[in-house]
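Residue numbers (my numbering), protein chains in the order written: chain A, 120 to 341; chain B, 2 to 221; chain C, 41 to 280.
To be clear, the hints were calculated from the coordinates, so they are not data collected in a lab. Possibly wrong hints are sitting among the right ones.
[To be verified] Ranges between beta-carbon positions, derived for each pair:
| hint | chain 1 | residue 1 | chain 2 | residue 2 | range |
| --- | --- | --- | --- | --- | --- |
| 1 | C | Gln155 | B | Glu214 | 48 to 58 Å |
| 2 | C | Thr259 | B | Arg216 | 52 to 62 Å |
| 3 | C | Gly237 | B | Glu214 | 42 to 52 Å |
| 4 | C | Asp208 | B | Leu60 | 43 to 53 Å |
| 5 | B | Glu214 | A | Pro129 | 47 to 57 Å |
| 6 | C | Asp217 | B | Arg216 | 48 to 58 Å |
| 7 | A | Ile203 | C | Gln176 | 53 to 63 Å |
| 8 | B | Trp122 | A | Ala231 | 32 to 42 Å |
[Unchecked claim] Derived coverage of chain B by chain A (criterion: at least 3 residues anywhere in the stretch with Cβ under 8 Å from a Cβ of chain A; other residues may be distant):
| hint | segment |
| --- | --- |
| 9 | 69-80 |
| 10 | 176-189 |
| 11 | 203-210 |
Beta carbons: idealized from backbone N, C-alpha and C, even for Gly.
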Amino acid sequence: MHGYVFQFRPIFQELPLLLSGALVTIHISILTLFFSFIVGTIGALCRLSRFRWLNVAAKWYVEFIRNTPLLVQLFFIYFGFSQINIEVPNYLAGLIGLVVNNGAYLTEIVRAGIEAIHKGQFEAGLSLGLSFPQLMRYVVFPQAFRVIYPPLCNQFIGIILWSSLVSTIAVEDLALRGKELASTTFRCFETYAVVTLVYVVMTLTISGVLKVLGRRFFSRPA
Amino acid sequence: MPQYVQDSLNLYDAVLFLQGLGNTVALCLIGLGLGTLIALFVGLARASHFRWLSWPAGLYIEVIRDSPLLMQLYLVFFALPLLGLDVPIFVAGVATLMVNASAFMAEIVRAGIQSVGRDQWDAARGLGMGYPQVMRWVVMPQAFRVMIPPGVGLLIGLIKDSSIISVISYLELTRVGQILTEKTFLSFQVFGIVAALYFIMCYPLSRLALYVERRLKVGG
Amino acid sequence: MVKVKNVNKYFGHLHVLKDLSLDVSKGEVVVIIGPSGSGKSTLLRCLNYLEPVQSGEIWIDGIRLDHRKTNIRAVRAEVGIVFQSFNLFPHLTALRNVMLAPRVVRKRPDAEVRQAAVAMLTKVGLQDKIDAYPSQLSGGQQQRVAIARALAMQPKLMLFDEVTSALDPELVREVLDVMKQLARDGMTMIVVTHEMGFAREVADRVIFMDEGRTIEEGTAAELFDRPQNQRTKEFLGKIL
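Same shape as in the complex, but just chain A:
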């Protein structure tokens, strides 16, 4: 390392640029979480359904996503769109890829949450005359959500970190801004060190906040 002096100043001067990327990372992550939760809930209900074909279809969806890399899924969707000549903004392609990916993991998380509920709860609800949607809304989901919350938070952190891959399909998130900055300043190591720091700070802050929120909303008098 003779003669190499670390220079962080040029990086910190461009902090607003990096932060604008961080903002994109955050909103694509939040949108991903929202839509994946919907996909995951549908998937979980399919997995728990008495219709065998729904169950099997959901099972294979989950297995396929879990055993193939996110990057390949992103490329499949992104380059796939251009193969069939549909123009999709990069952001949307990235979002779709992230949602399809996380939807599988959320299917398992939501399913575990529902299965954690004692069978008697379903029986009590049904015997009072509740319909299936009412049962889900008033009895099952309030209880399932308690179980779902911690793994859901972990999944969200994962989404934030793995969303960095959308930089490979030219979405202007934190990772891509970092890459741009590195190529303009030629200070590659310093740039990526700072970008990594921003990711770590984002992750730790968000996970801390989620933990506090969890404690506030989920402690019932014992």
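Following the hints, position chains B and C against chain A.
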């Protein structure tokens, strides 16, 4: 120079797929092997009662777990020349996977060590064994059984993670997919095959992990 | 009120209810006793279609249960059931547990439902515990909330599935007292229980079931003091 665009996949491409597959396997096995070696030390440190050991180990693990793999790849890739090491990209790739795996494996090692009950320690110490001996003959063999299912899970994760090494243009499986897609524009077919190959590598491993986990529960 | 005709139920290959028939009139209190595995609980659960039957007919208040056109939810709203494991909704207070179904199924306005719920909880002696969560209540209290919850739907028929079996002995009495009052008020009840004292006091009829069939029936005095059937005698000999 005229761009040659292929309109279908051919046998030469099959060879490329196999090359990518082989390189992926090489990346993962070496990365996992070296990473596990490091993880043994880091994991032991993390499980240690000495603050000055467990704290830095904890920091190492947390930073790696809370940062994107893509960033870790860039950092390793650009740090190596700064350290005076002019290495082929394969080494940069392996180093990244090694560092990443070591953090996750360290947690698995720690959990494995801590899963061995206190009474095992008491019994071994009571027989006059010193710390290294207890570790070698009593704790680690038992911890090892517990580490296998999550360890296999880690390998599966590593195989998927290795796709990121395509970013530094190393010819692993995903990079092959990119190259062939550029050449043929047949994204669905190319990445379909790529995905299928990853699936063939990972799915049996995930069944194996389930099987081992079940066997371990029964054995007790 | 309740007509069970030649019902057969299987769990897979296990023949749980064998050609069973049973009639219960309005206002009658019927107690069912028998060894475990005799199908008593299964029979109860068939009566509100928590379990389907493979053959035979079940009629509740003139409505046939397994008919295509039957609105099962409507029938279930008229049949109350109390379970051995209470099955209270842990995320709701006692009051909200009782309020939920009338509000959501019968779509009554909030204020009316609340008033009725408080009245119901008072009836079972828990007026001081309306804002307590199930985890803060004793087993006996939870079971009484469960009874109030079922009663809040103003059912025509109440089913009790071994509701005191999971309770500590000192808590059993408070639940049985509520059930006795219900019987005196004229509710049609089918009670599966081991509590013989309860049966003697309020049952109009006691039925002994074994291996999926009704073996013998009669008034409490007849069945307990002068059992005719050999198996009935054996069973009573074991528990009395």
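Establish whether the coverage given for the segment 203-210 of chain B by chain A is satisfied; the threshold is a Cβ-Cβ distance below 8 Å, and no fewer than three residues must meet it.
holds (count 3)
Outcome for the supplied range 53 to 63 Å, where the beta carbon pair is isoleucine 203 of chain A and glutamine 176 of chain C
holds (60 Å)
Confirm or reject the claim that aspartate 217 of chain C and arginine 216 of chain B have a C-beta distance inside 48 to 58 Å.
holds (53 Å)
At a Cβ distance under 8 Å, does chain A reach at least three residues of the segment 69-80 of chain B?
Answer holds; 9 residues pass the 8 Å Cβ test.
Coverage criterion applied to the segment 176-189 of chain B (partner chain A; beta-carbon cut 8 Å; 3 residues):
holds (count 7)
Using the C-beta atoms of glutamate 214 of chain B and proline 129 of chain A, is the stated range 47 to 57 Å upheld?
holds (50 Å)
Quick check on a hinted range of 32 to 42 Å for tryptophan 122 of chain B and alanine 231 of chain A, using CB atoms only.
Holds - the Cβ-Cβ distance for tryptophan 122 of chain B and alanine 231 of chain A, about 34 Å, lies within 32 to 42 Å.
That 48 to 58 Å hint for glutamine 155 of chain C and glutamate 214 of chain B (C-beta), does it hold up?
Given range 48 to 58 Å: holds, Cβ gap about 54 Å.
CB of glycine 237 of chain C to CB of glutamate 214 of chain B, is that within 42 to 52 Å?
holds (51 Å)
Within 43 to 53 Å or not, the Cβ separation of aspartate 208 of chain C and leucine 60 of chain B?
Hint holds: Cβ distance 51 Å, inside 43 to 53 Å.
Supplied distance hint 52 to 62 Å, evaluated on CB atoms of threonine 259 of chain C and arginine 216 of chain B:
holds (58 Å)
Hint violations for this structure: none, all hints satisfied.
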